[in-house]
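**Student:** Listed below are the residues making up each chain.
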Amino acid sequence: MPGSIYKCLSLIGERIIANKDYLTELDREIGDSDHGINMARGFKAVLEKVNPDESDIGAALKKAGMTLLSTVGGASGPLYGTAYMEAGKILAGKTEIDSQDMKAVFEASIAGIQKRGKAVRGEKTMLDAIIPASETYAKKISEGADMIHALDAAIESAHEGVEYTKTIIATKGRASYLGERSIGHQDPGATSATLMLEAICDYLKGK
Amino acid sequence: MVGIVIASHSWKIAEGVCDLAREMAQGHSGIIPAGGLEDGSMGTDAARIMTAIREADSGDGVVIIADIGSSIMSSETAIELLENEDENIHAVIADAPLVEGAICAAVEAAAGSPIDSVLAVAEESRGAMKL
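Chains as they are written, first to last, in my numbering: chain A, 1 to 207; chain B, 1001 to 1131.
Worth flagging that the hints you see were computed from the coordinates, not collected in a lab. Ideal Cβ positions, reconstructed from N, Cα and C, are used throughout, including at glycine. Errors might be hidden in some of the hints.
As the list claims (entries may be wrong) - Some chain B residues flagged as far from chain A (calculated, every beta-carbon gap over 12 Å):
#: 1; residue: K1012
#: 2; residue: G1027
#: 3; residue: D1039
#: 4; residue: D1095
#: 5; residue: P1114
#: 6; residue: A1120
#: 7; residue: S1125
#: 8; residue: A1128
Claimed, not checked - Here are a few chain B residues that face chain A, going by a calculated C-beta distance under 7 Å:
#: 9; residue: L1037
#: 10; residue: S1041
#: 11; residue: G1043
#: 12; residue: I1072
#: 13; residue: S1074
#: 14; residue: S1113
All chains, please: the whole structure from these sequences, using the hints.
**Tutor:** Structure (structure tokens):
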């Protein structure tokens, strides 16, 4: 892979920070208007705390996860923090990853988020983007696609997942207080998860 | 003595509830606040809660009383981080209102009760009538 894990985390962070107002606006509609602010604060800290020269991908992701747990402040902190730490466990000691590693990262991250948030698909959460993305990725890899093409298809599924969140009622988190009024609004967490996948794919494409 | 951790989005709330609980449970030195983020923002920080659990524990375990939303998830994460580091601290989260739960738990803990009793008393405060 070109460059380092820090470069990949930078692209994720830059994309989250660039979308800070957009994510906050989505959260204003159905939450407590802090998702963009919280995530931008968290990733700013990640880029300060992770060693730019770190070659061990697992160690960098573990550090990123610990930082998110401490600095995001809202529920996305423990959720994304756990996801990054679980991904870090899968990639401990690795300096590059292949398409099977990425599949394992998807699955471990989802398991971490589900353990932490006790959510399932269809509850208007980040899982509604990540789970379809993971399934599409695994299917494409099994059909012989390379990592970048499989990720491109996965991102398409993630976007469809974000659209799907507009059609369903939130049953987890602050948005669940709104009940049926949450219909029509896309989930901020599903949106931020999709932004992360896009940044990872950009990194792999050398953008 | 069972330790008490107050996990809140707000440092002022965590500090204030601890002050009140200490007032009601004289002599209890393990009532520890874990509120807000390091930079002073509102929010919950699993690492800060983990540090507070360590500080609150004197070997008899720790009851965490949390406010709303992510404070529960961050407290669960803190407990898991301690387990991952093989630290043998028995920490549990009380399903209790913050102020009432903290006071009931602190008084029970100060009386020397075991962790199960402190947890039970904190959780019983849920149904307390005020009028």
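**Student:** Would you say A1128(B) is clear of chain A, with no C-beta pair closer than or equal to 12 Å?
**Tutor:** holds, 24 Å
**Student:** Against chain A, with CB atoms and a cut of 7 Å, does the hint on I1072(B) hold up?
**Tutor:** violated, 9 Å
**Student:** Once the shortest beta carbon distance from L1037(B) to chain A is found, is it less than 7 Å?
**Tutor:** Holds - the Cβ of L1037(B) comes within 7 Å of chain A, reaching about 5 Å at its closest.
**Student:** Could you check that no beta carbon of chain A comes within 12 Å of the beta carbon of D1039(B)?
**Tutor:** Violated, since 8 Å does not exceed 12 Å.
**Student:** Is the claim that K1012(B) lies outside the interface with chain A correct, judged by CB distances over 12 Å?
**Tutor:** holds, 15 Å
**Student:** Any CB of chain A closer than 7 Å to the CB of S1074(B)?
**Tutor:** Because about 5 Å separates S1074(B) from the closest Cβ in chain A, which is inside the 7 Å limit, the hint holds.
**Student:** If we take the beta carbon of S1125(B), is the closest beta carbon in chain A still more than 12 Å away?
**Tutor:** S1125(B) is indeed farther than 12 Å from all Cβ atoms of chain A, at 24 Å.
**Student:** Over 12 Å from every CB of chain A: does P1114(B) meet that, or does the non-interface label fail?
**Tutor:** Non-interface label on P1114(B) holds, nearest chain A Cβ at 28 Å vs cutoff 12 Å.
**Student:** Quick one: work out the minimum CB distance from D1095(B) to chain A and report holds if it exceeds 12 Å, violated otherwise.
**Tutor:** Holds: least Cβ distance 14 Å, greater than 12 Å.
**Student:** With a cut-off of 7 Å on the beta carbons, see whether S1041(B) makes it to chain A.
**Tutor:** holds, 6 Å
**Student:** Confirm or reject the statement that G1027(B) sits farther than 12 Å, beta carbon to beta carbon, from all of chain A.
**Tutor:** At roughly 32 Å from the nearest Cβ of chain A, G1027(B) sits farther out than 12 Å, so the non-interface label holds.
**Student:** For A1120(B), is the shortest beta carbon distance to chain A beyond 12 Å?
**Tutor:** holds, 23 Å
Checked against the numbered hints listed earlier, the structure breaks hints 3, 12, 14; every other hint is satisfied.
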